[in-house]
Amino acid sequence: MTEIFGVPTQALFGQLLIGLINGSFYALLSLGLAVIFGLLNIINFTHGAQYMLGAFCAFLLLNKLGVGYWWSLAAAPLIVGALGVVIERLMLKHLYKLDHLYGLLLTFGLALIIQGVFRNEYGSSGQPYPIPQELAGGHNLGFMFLPNYRAWVIAVSLVVCLATWFVIERTKLGSYLRAATENPALVQAFGINVPRMITLTYGFGVALAAFGGVMAAPIYQVSPQMGADLIIVVFAVVVIGGMGSIMGSILTGFGLGVIEGLTKVFYPEASNTVIFIIMAIVLLIRPAGLFGAQK
Amino acid sequence: MLAIFALAPLVVYPVFMMKVMCFALFACAFNLLIGFGGLLSFGHAMFLGTAGYITAHAAKVWGFPPELAILAGTFSSFVLGVVTGLLAIRRQGIYFAMITLALAQMIYFFYLQAPFTHGEDGIQAVPRGRLFGFIDLTSITTMYYTVLVVFIAGFLLIWRTIHSPFGQVLKAIRENEPRAISLGYDTTHYKFQAYVLSATLAGLAGATKAIVFQLASLTDAHWTMSGEVVLMTLLGGLGTIFGPVVGALIIITMENYLAHLGAWVTIAQGVIFVICVLTFRRGVIGEIANLLKKPL
Chain A
1 MTEIFGVPTQ
11 ALFGQLLIGL
21 INGSFYALLS
31 LGLAVIFGLL
41 NIINFTHGAQ
51 YMLGAFCAFL
61 LLNKLGVGYW
71 WSLAAAPLIV
81 GALGVVIERL
91 MLKHLYKLDH
101 LYGLLLTFGL
111 ALIIQGVFRN
121 EYGSSGQPYP
131 IPQELAGGHN
141 LGFMFLPNYR
151 AWVIAVSLVV
161 CLATWFVIER
171 TKLGSYLRAA
181 TENPALVQAF
191 GINVPRMITL
201 TYGFGVALAA
211 FGGVMAAPIY
221 QVSPQMGADL
231 IIVVFAVVVI
241 GGMGSIMGSI
251 LTGFGLGVIE
261 GLTKVFYPEA
271 SNTVIFIIMA
281 IVLLIRPAGL
291 FGAQK
Chain B
1001 MLAIFALAPL
1011 VVYPVFMMKV
1021 MCFALFACAF
1031 NLLIGFGGLL
1041 SFGHAMFLGT
1051 AGYITAHAAK
1061 VWGFPPELAI
1071 LAGTFSSFVL
1081 GVVTGLLAIR
1091 RQGIYFAMIT
1101 LALAQMIYFF
1111 YLQAPFTHGE
1121 DGIQAVPRGR
1131 LFGFIDLTSI
1141 TTMYYTVLVV
1151 FIAGFLLIWR
1161 TIHSPFGQVL
1171 KAIRENEPRA
1181 ISLGYDTTHY
1191 KFQAYVLSAT
1201 LAGLAGATKA
1211 IVFQLASLTD
1221 AHWTMSGEVV
1231 LMTLLGGLGT
1241 IFGPVVGALI
1251 IITMENYLAH
1261 LGAWVTIAQG
1271 VIFVICVLTF
1281 RRGVIGEIAN
1291 LLKKPL
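These protein sequence lines are chains A and B, in that order. Note that our numbering has the first sequence beginning at 1, numbered continuously upward. Note that our numbering has the second sequence beginning at 1001, numbered continuously upward.
So that you can see chain A by itself, here it is in the shape it has in the complex (with noise of 0.2 angstroms):
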């Protein structure tokens, strides 16, 4: 078996891969905080939540209505982002003129509240959901064995995180976007539905951690628990990159996911608190954020 740095190469690249799907989700999960951050100045604690949500919601249609991976990777974000434009247009539109820490409390909150529901209907047990079967089995490259499913959800998350980008940096919609994120108020006086479009932008950065979700569910099992945890390593990421930036949100995310892989290899007692000391790095050098702009 060859070897790199004294570490089989199986065992490299197989940490290399899982680092990249982790990294898949720390982008989406950020890229959807960065957008709601941006326009609604609410740091959206219930996004783990939510993610799970997403991921119950493909369990819950495949297990009750029959309903499988491809029609729930469409259905689940499009459910729990209506959710979310419930939550939006009941709870979080009293609270902008409030301190921003109220926007956090009470998405904190939902969070218990949403998590509580669910594991006291399924205890804190995963569930394990099928990999649809278009994307069974996989390839061996020489160097490594790589399941499809795993390749797919690399590509995709790419995939949705670029075309994020694109809208928002490069289209009339985006740009209405981010002249609202700059000034409200003049936006509105042009003649453009301000707060429609905050309600709409909460509710796509919540389908993103949905459709998140439903990509997770056949790698990681389905439980309660499992946004709670990696909601907090993605304040981390999201520190780290600063939320100035959309690319930045991707690259930081994709990024850190990696050098977690990579930590497990080398140095596996770290891999957990990694994120958490490359943020206490970045704080001392550049408080701002990798991306973030100097205020």
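Derived from the structure by calculation, the hints contain no laboratory data. Where hints are given, some of them may not hold.
Below, simulated DSSO-like cross-link-like pairs (lysine-lysine); rule was C-alpha separation at most 27 angstroms, straight line [stated by the list, open to error]:
1. B:Lys1293 to B:Lys1171
2. A:Lys97 to B:Lys1294
3. B:Lys1019 to B:Lys1060
4. A:Lys97 to B:Lys1171
5. A:Lys97 to B:Lys1019
6. A:Lys93 to A:Lys172
7. B:Lys1294 to B:Lys1171
Here the structure is a predicted model, which is why all the values come from computation and not from measurement.
For chain A, the structure is supplied; the task is to place chain B on it using the hints.
Frame of chain A; chain B shown alone:
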């Protein structure tokens, strides 16, 4: 309040009241930071947990007497407060909350893996020992009044801090930071001091708790604990003096009576959060103070 807590063991189970006092001190320490400094820390569990572990380890493995063990635990939280404070204070508002949460999660993973904490089991059967060599803490009554003294001392220190010139500057920073800067105050320095003081007092609460329950476990270092202390303070009233005590009393009582319902406790906590933020932002004591038109 002193009279209520001093006489409480006659009517209520003393161990329950000791738990309330430990959490009340924890919440008061937290409130010093958010209510008067305007900084929301989402990682205060790291101070509670750290002090608990160090105290338990010092008392059990190193054989420290209880007063020195508590001191060691409190000091470790002070050190942790200095280190994390230097990092977290570099960002404001929402970022501050996320950074403290992430740092606390890092500390949590450290305790999960470090051998001296015994992972999921925690440090069990911590000896209570004899305070100053002659006060036997194994008796419930002496333990109760020792906790009462610690709690009142911590509470008075916070009360004194809030009403000192230092506390007034903190309030000024919370209300209008640019103005405080223009008046010549080094606001970062003030915030850092408030953070470290809050961390140390949270540590005192954690250290005392470890001696009372003879246990230091991962629960105290987990992010749910950080969320709980936010909830206690929010429910009691941010920036009020008695609010965190009342909040701790309500939340601990609720947990005690709902404990057999499992996940419903989490749901109830979430619902209280949502209701507080949407309709009840002053909290219980804050609303009463508003009715009486004087600060409590």
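Cross-check of the supplied hints:
no.: 1; hint: B:Lys1293 to B:Lys1171; result: holds (19 angstroms)
no.: 2; hint: A:Lys97 to B:Lys1294; result: holds (26 angstroms)
no.: 3; hint: B:Lys1019 to B:Lys1060; result: holds (21 angstroms)
no.: 4; hint: A:Lys97 to B:Lys1171; result: holds (21 angstroms)
no.: 5; hint: A:Lys97 to B:Lys1019; result: violated (37 angstroms)
no.: 6; hint: A:Lys93 to A:Lys172; result: holds (25 angstroms)
no.: 7; hint: B:Lys1294 to B:Lys1171; result: holds (17 angstroms)
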